[in-house]
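For the record, the sequence lines run as chains A and B.
Each residue of the first sequence is one higher than the last, beginning at 1 in this note's numbering.
Each residue of the second sequence is one higher than the last, beginning at 1001 in this note's numbering.
Among the clues, some could well be false.
[Stated by the list, open to error] To give an idea of the chain B side of the interface with chain A (calculated C-beta under 7 angstroms), a few residues: (1) G1031; (2) V1038; (3) V1046; (4) F1082; (5) V1153; (6) V1156; (7) V1268; (8) P1272.
[Unchecked claim] Every beta carbon over 12 angstroms from chain B, so not counted as near; a handful from chain A, in silico: (9) Q64; (10) E74; (11) V131; (12) E167; (13) K177; (14) R208; (15) D211; (16) R311; (17) D352; (18) N383; (19) D387; (20) Q438.
Hints were generated in silico from the structure; no laboratory data involved.
As the structure is a prediction and not an experimental result, all values here were calculated from the model.
Ideal placement from N, C-alpha and C gives every residue a C-beta, glycine not left out.
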Amino acid sequence: MTFLKHAFGACAVTVMVAGAAMAQNTVRVAYDADPVSLDPHEQLSGGTLQLSHMVFDPLVRWTQDLQFEPRLAESWEQIDETTMRFNLRDGVKFHSGNEMTSADVKWTFDRLKESPDFKGIFSLFTAVNIVDEDTFDLVTSEPYPLVLHTATYIFPMDSAFYTGQTEDGKDKAELVKHGDSFASRNVSGTGPYVVSEREQGVKVVFDRFGDYWDSESPGNVDQIVLTPIKEDPTRVAALLAGDVDFIAPVPPTDLARVDENEGTTLITMPGTRIITFQMNQDRVEAFKDARVRQAIDYAVNNAGIVERIMRGFGTVGAQASPDGYLGYNPALTPRFDLEKAKALMAEAGYADGFSITMMAPNNRYVNDDKIAQAVASMLSKINIKVDLQTMPKAQYWPKFDERAADMMMIGWHSDTEDSANFHQFLSACPDEATGNGQYNSGAYCNAEADKLMNMANAETDQAKRAEMLQQMEAILYEDAAFIPLHWQNLAWGAKAGVGADKIVNALNFPYFGDLVVE
Amino acid sequence: MLAYLVKRLFQAIAVMLVISLVGFAIQDNLGDPLRELVGQSVSEEVRQQLRDELGLNDSFFTQYIRFLGNALQGDLGTSYFFKEPALDVILKKLPATLELVLGATIIIVGLSVPLGVYTAIKPNTILSKIIMGLSIVGISIPVFLTAILMIYVFSVGYGWFPAYGRGDVVHVFGYWNTNFASWDGLTHIFLPSIALASIMLPLFIRLIRAEMMEVLQSEYVKYARAKGINPRRIYFLHALKNTLLPVITVGGVQIGTMVAYTILTETVFQWPGMGFMFLEAVNRVDTPLIVAYLIVVGFIFVVTNTIVDLIYGLVNPTVNLARMGA
Chain A
1 MTFLKHAFGA CAVTVMVAGA AMAQNTVRVA YDADPVSLDP HEQLSGGTLQ
51 LSHMVFDPLV RWTQDLQFEP RLAESWEQID ETTMRFNLRD GVKFHSGNEM
101 TSADVKWTFD RLKESPDFKG IFSLFTAVNI VDEDTFDLVT SEPYPLVLHT
151 ATYIFPMDSA FYTGQTEDGK DKAELVKHGD SFASRNVSGT GPYVVSEREQ
201 GVKVVFDRFG DYWDSESPGN VDQIVLTPIK EDPTRVAALL AGDVDFIAPV
251 PPTDLARVDE NEGTTLITMP GTRIITFQMN QDRVEAFKDA RVRQAIDYAV
301 NNAGIVERIM RGFGTVGAQA SPDGYLGYNP ALTPRFDLEK AKALMAEAGY
351 ADGFSITMMA PNNRYVNDDK IAQAVASMLS KINIKVDLQT MPKAQYWPKF
401 DERAADMMMI GWHSDTEDSA NFHQFLSACP DEATGNGQYN SGAYCNAEAD
451 KLMNMANAET DQAKRAEMLQ QMEAILYEDA AFIPLHWQNL AWGAKAGVGA
501 DKIVNALNFP YFGDLVVE
Chain B
1001 MLAYLVKRLF QAIAVMLVIS LVGFAIQDNL GDPLRELVGQ SVSEEVRQQL
1051 RDELGLNDSF FTQYIRFLGN ALQGDLGTSY FFKEPALDVI LKKLPATLEL
1101 VLGATIIIVG LSVPLGVYTA IKPNTILSKI IMGLSIVGIS IPVFLTAILM
1151 IYVFSVGYGW FPAYGRGDVV HVFGYWNTNF ASWDGLTHIF LPSIALASIM
1201 LPLFIRLIRA EMMEVLQSEY VKYARAKGIN PRRIYFLHAL KNTLLPVITV
1251 GGVQIGTMVA YTILTETVFQ WPGMGFMFLE AVNRVDTPLI VAYLIVVGFI
1301 FVVTNTIVDL IYGLVNPTVN LARMGA
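Chain A on its own, in the form it takes in the complex (with noise of 0.2 angstroms):
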């Protein structure tokens, strides 16, 4: 009898809260994965990004247009080669209450420094320096033109609240990439939302920060619950159904689905993840020569695929940049023509062709082991003969460090939202001393291509930088460096009144704090 009355008490609860709940603006949302952890060190993926967003603000961040705005910092300049000087915005609390200040981020700078997954970008930054409460230098060891663009990396944390130790006398500033911490569990940001509820992989329940410093944002949303729904059938179906309001990401079988569904609205946009194909030289002796690369990038109908394979959900590519970045080179198309492939086989001395393996994983990409089997079977008509294996991605990548076939498939999303970056992972000389072509599973090398990358590194005029970076992608084309497919779109299904293309951007991190619903 007890238990049925609490169980009653508790249904009673459940109802009052879920009548308080409806008074105010409560946007359900669904991702396919919830986020690994709280601290924004642990990880460098999307998922730590998009939370960071949520409960932190970085010093600057992109707009949709992929420019530069001001949040934590308010202005900024550069006093002389290595050094930028950043103004911060005054009166930003901490979710604890405490007052942000440079001395958070020189703090938060520390930190970064010590992660295996973000150190990787602070690399050429040196120092940050205290002017005043206020103000802060941001030094790099040599003239760097990225400095913004790292800059959307650093989301001060609150250290007061990170400084001591915890009950079981663990320092609360550790970082943990695979245990227990501190800062793996409590969170103090100066973010539009507060972490108020989280059970991992089931719920994270964000509420609004009552003293969020920017008073001018319009979101109007006061609570966000975020439930990882990982089957894609169930992700839409739960939009459809109006069990959830936001979902990404949108599989590519069910977008005209949700678009064309009363009360859902489909955002579409163009996304900045490269798929390619690699081709071994160490392995293969004919990739080696140009013109056979040449000729499976002409075999290749990469349009074909984003049509029929994508359903027109990608953006056909011929480099790794896609549009909007300073590498973009607009003068480079894609190459599909069937006799110039074979042509081209010919002059080089493989007419009859040839066999080869392939590898590429089948839950990476979207779509990537389809792609895979359409990328063998028109390799096929060039009398190349692929002996193609497909695996899951835990699988793949220890054998794409192994290099384990003479083709292999790897999408790349720069970090630093910058071109040379695709060229220092993917197509650099393979170099261990500075981690170059660390992703360069086909062992292409060209000095001048890395030199023009080393020069737009320390080039701060960007249009000189552009001018370079675009060259560079223009001799990757030439060459054939490897075989580019296409950008992956991305896509956010909404319900009707949620006012989601506005927040959302290529780099797919939904600006949630300025969320108006209807």
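Please arrange chain B on chain A, whose structure you already have, making use of the hints.
Coordinates of chain B only, in the frame set by chain A:
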């Protein structure tokens, strides 16, 4: 009886040792957990360092011996993803799964007995034929397809039931939150339970029907009929009782199998139980959690089988547990 239980206990330990060894042996083929732990642009050097910290570079035997040593102290390792002891993670997810199994069991028991008996008594009516036809369809359609179809019909189409999750659960004690104490909870558990039941229900209808038909042919039923006993009494008291003996055995084993089927059902419905957790753990190469799950499920199998044996002994006096234990 006691000797039997002790023997069973040793069997359980042996089974779990084997499972842990198998779990350990396959983990190298699952992939590299480091890939899921760090971002894409992290250098190989940093990854090796983390691998060292995690002890992943040690030999298989060093790792296994270390695991056994910890396991003896009740520590089955720490999940990479949840950052909590793997056993705690599983115990937190266990109630959700058990409730789902309970919901499905209620449906199976509630429907299979009357339907099975009816089709046995009246095998030639149209209704019987429809039931048998549907049961073939039910057995043939995979669980995840049934589940997605139901979501599209009843959640998206009619909007009667929610499409995913557990909804508002009521806290009972410890890690146990129940779906059975609120309306919202009940609506959430309805579709997943049916999906999970859809595989077993036809099986049980057919099993009960077959057993019942056999019993109805037996001498004592014929004798009872000849004596003019009320047919209802014959069917439900004498015949059904004898029908249920094999059903209990099969049922006990199937409850274990149902735990395995929860992996699919939970994944489709985003049900926060341990089946869904397991599939996620495989995708994330969360090896400590995978091994711990296998051990826990192995334990559940051993326990259910033991209980079935005990019940069987109680129901059927010709089974001698003491002899089985000897």
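For this session: Classify the label on A:Q438 as holds or violated, using whether its beta-carbon is more than 12 angstroms from each beta-carbon of chain B.
Result: violated (7 angstroms)
For this session: Go through the hint on B:V1046 and say holds or violated, using the shortest Cβ distance to chain A against 7 angstroms.
Result: Given a least distance of 5 angstroms, the restraint on B:V1046 holds.
Problem set entry | Given as non-interface: A:Q64, partner chain B, CB spacing beyond 12 angstroms | holds (25 angstroms)
Problem set entry | Interface restraint verdict for B:P1272 against chain A (beta-carbon cut-off 7 angstroms) | holds (5 angstroms)
For this session: Report holds if the minimum CB distance from A:E167 to chain B is greater than 12 angstroms, and violated otherwise.
Result: Non-interface label stands for A:E167: nearest chain B Cβ at 17 angstroms, farther than 12 angstroms.
Exercise. Are all beta-carbon distances from A:D211 to chain B longer than 12 angstroms?
Worked result: The assertion about A:D211 holds, with a minimum of 30 angstroms to chain B.
For this session: Double-check B:V1268 for me: the hint is only fine if its C-beta lies closer than 7 angstroms to a C-beta in chain A.
Result: holds (6 angstroms)
Problem set entry | Separation of A:R311 from chain B, once the least beta-carbon distance is taken, above 12 angstroms | holds (20 angstroms)
Exercise. Once the closest CB in chain B is found, is it more than 12 angstroms from A:R208?
Worked result: Its Cβ never comes within 12 angstroms of chain B, the nearest being 22 angstroms, so this holds.
For this session: Using 7 angstroms as the Cβ threshold, decide whether B:V1038 counts as touching chain A.
Result: holds (6 angstroms)
Problem set entry | A:K177 remote from chain B - nearest C-beta pair above 12 angstroms | Its Cβ does come within 12 angstroms of chain B, the nearest being 6 angstroms, so this is violated.
Exercise. Does B:V1156 pass the interface check with chain A, least Cβ-Cβ distance below 7 angstroms?
Worked result: Cβ of B:V1156 sits 5 angstroms from chain A, so the hint holds.
Consistency note: the structure conflicts with the earlier hints numbered 5, 13, 20.
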